[in-house]
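A.B. asks: Chain by chain, the residues run as shown.
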Amino acid sequence: MSYRTVIGLEIHVQLMTKTKAFCPCRADVFELPANTAVCPVCTGQPGALPVVNSSMVEYAAKIALALNCNVHEYSRFDRKNYFYPDLPKGYQITQYFYPIATSGYMDIDVDEQVKRIRIRKLHIEEDAGKLIHEGDSITQAHYSLVDMNRCGVPLVEIVTEPDLSSPKEARLFVEKLRTILRYLQVSTGDMEKGALRCDANISVVDEINNIQSNRVEVKNMNSFRFIEKALEYEEQRIIDALKNGQNVEKETRGWDLSNRITISMRGKEEESDYRYFPEPDIPPVILSEEKLDQIKSTLVELPDQKVERFVELYKIPRYDATVLAMDKEIADFYEACVKKIGKPKEVSNLIMTEMLREMKQLETEQIKITPEHIYELFSLMDKGEISIKMAKDIFPQIFRTGKMPSQVLEEKGIRQISDEKLIEEIVRKAMIQNPKAVEQYRSGKTNIIGYFVGQVMKETKGSANPQLVNDVVKRLLEGSS
Amino acid sequence: MIKIDEKLIKHLEALAALELTPQQRKSIEKDMQEILGYMELLNEVNVDSIDPMYTPIENSVDLREDLVRESECVDLIRSNFPKERSGHIVVPGIHA
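First to last, the sequence lines map onto chains A and B. If you use numbering that gives the first Met the number 0, the first sequence corresponds to residues 0 to 480, in order. If you use numbering that gives the first Met the number 0, the second sequence corresponds to residues 0 to 95, in order.
Since the hints were made in silico from the structure, they are not lab data. Remember, it's a predicted structure, so these values are computed and weren't measured experimentally. No residue lacks a Cβ here, since even glycine has one placed at the ideal position from N, Cα and C. Worth double-checking, as some hints may not be accurate.
[Claimed, not checked] Pair ranges (Cβ atoms, derived):
#1 Arg3/A x Met52/B: 42 to 48 angstroms
#2 Glu69/B x Glu174/A: 48 to 54 angstroms
#3 Leu40/B x Ser287/A: 38 to 44 angstroms
All chains should be built: construct the whole structure from the sequences, respecting the hints.
C.D. replies: Below, the structure is given as structure tokens:
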């Protein structure tokens, strides 16, 4: 049996403009009390007129350029009509006939291979309000609560071609997209807060019998992990149906977090009928070549370009460069450290293992320390005051408290012992206690040196400078006192 | 002309989230036939060589600067909520 999975994504990105798409209400409404950032335009009062937010168009163009799209000089808004309590106007303003951008692509790294995912279109639209359903589920709720703060918050919708062939690729795509959005500083990309939302269309082809399953739309996957989990579940469900000579319904399903399954959300009975028509209240958006050039000139270095530069300039492995470039803040931090310290590979090791592990454990994306901290840590190692092991041991404390490495060392009372006299004393003591071992060494059994080094480490609780200990032991055993 | 029958009226009824009585359906069917019939007049105009015009403004229009201005109507808007709870509008359950 041979099955091929076909996945296409529709991704909604909340733009972090200051104001809403078509009115000057605040767009950053996540933590506001319900229905406080509203006005006649975004609540659909009769006669209110929408006016296009310039930053919204600029941000959308930036995303489109970063995704290698064709950005159109002429785009227009349309009305998508439907009734739902989160949509006070009874229609959503979107771009249906003339989207701002089409035919782009983004490359993702899948198992060390570059795979190109084509982008069909990218358009601007407005968000709907937020609904809270009273009761156990939407279908059982007797009433719902509406907050219109989110009505009219600008969104960019990105639609890919069905070029993704596994749930993992889908996750990688959304992860990389978020990285790009953050580089561009056009969206927080925060999935948990709904600033990045992903729907997927999935179908499976039975390649032997040449049968393609119906397409299922999966919604409600509000984290990277759930994208992969939900699609894996759905993929298996479709394959199971095909194996039994059946098909799945062409329907919309949602990821049910608590039961880890997808469930049917909407009956198949009603095919959506949105009766799109041009929005008569908004003139077309003209993005002149001049304006587009100006936007292009403000584009920062994007992740792919950064990876190339890191590999070229710092001679670090492509894998390292890719990991570092996933987060702009980390990449910038890395670069600042290398500029001060040099040692690009050593610095990359420390950041990739120690720092990223801390960030993951603390579930934080903030870096409280400065390149100065890393610089001091490396200086202490260079001077032989601490070993690499000690550096790694104290790193969590440095990262969590923001204290300088020297301060942490002092507080913990740990310091690499580089006092030659002290080490000599310990070695001499060990030699007196074990004359046999000294004898053995002198009669040619030189690997007994490890025993004495071990004694010193035991005595100093591992804080002696290993290189120095080695030298001292060797010197004393060889009798040159 | 598009066929106006009970099936279409029921479809529009569902789209508009309305509930009509059989009498209302009949009367709307008749109204719509008359309205759309009148609109058929437009088909007499030959527009073969003319591009559709979506808006009289096809030139570039200044966009709005991205500056927050709080509406003075927030309280007025909220005073119109038919039923309110902790700032939210209370609406009937979606599928209840």
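A.B. asks: Taking the hints in turn, state whether each one holds.
C.D. replies: Hint by hint, here is what the structure shows:
Between Arg3/A and Met52/B the beta carbon distance is about 46 angstroms. The supplied range of 42 to 48 angstroms therefore holds. Remark: the range hint 48 to 54 angstroms for Glu69/B to Glu174/A is contradicted by a beta-carbon distance near 36 angstroms. About 40 angstroms separates the C-beta atoms of Leu40/B and Ser287/A, a value consistent with the hinted range of 38 to 44 angstroms.
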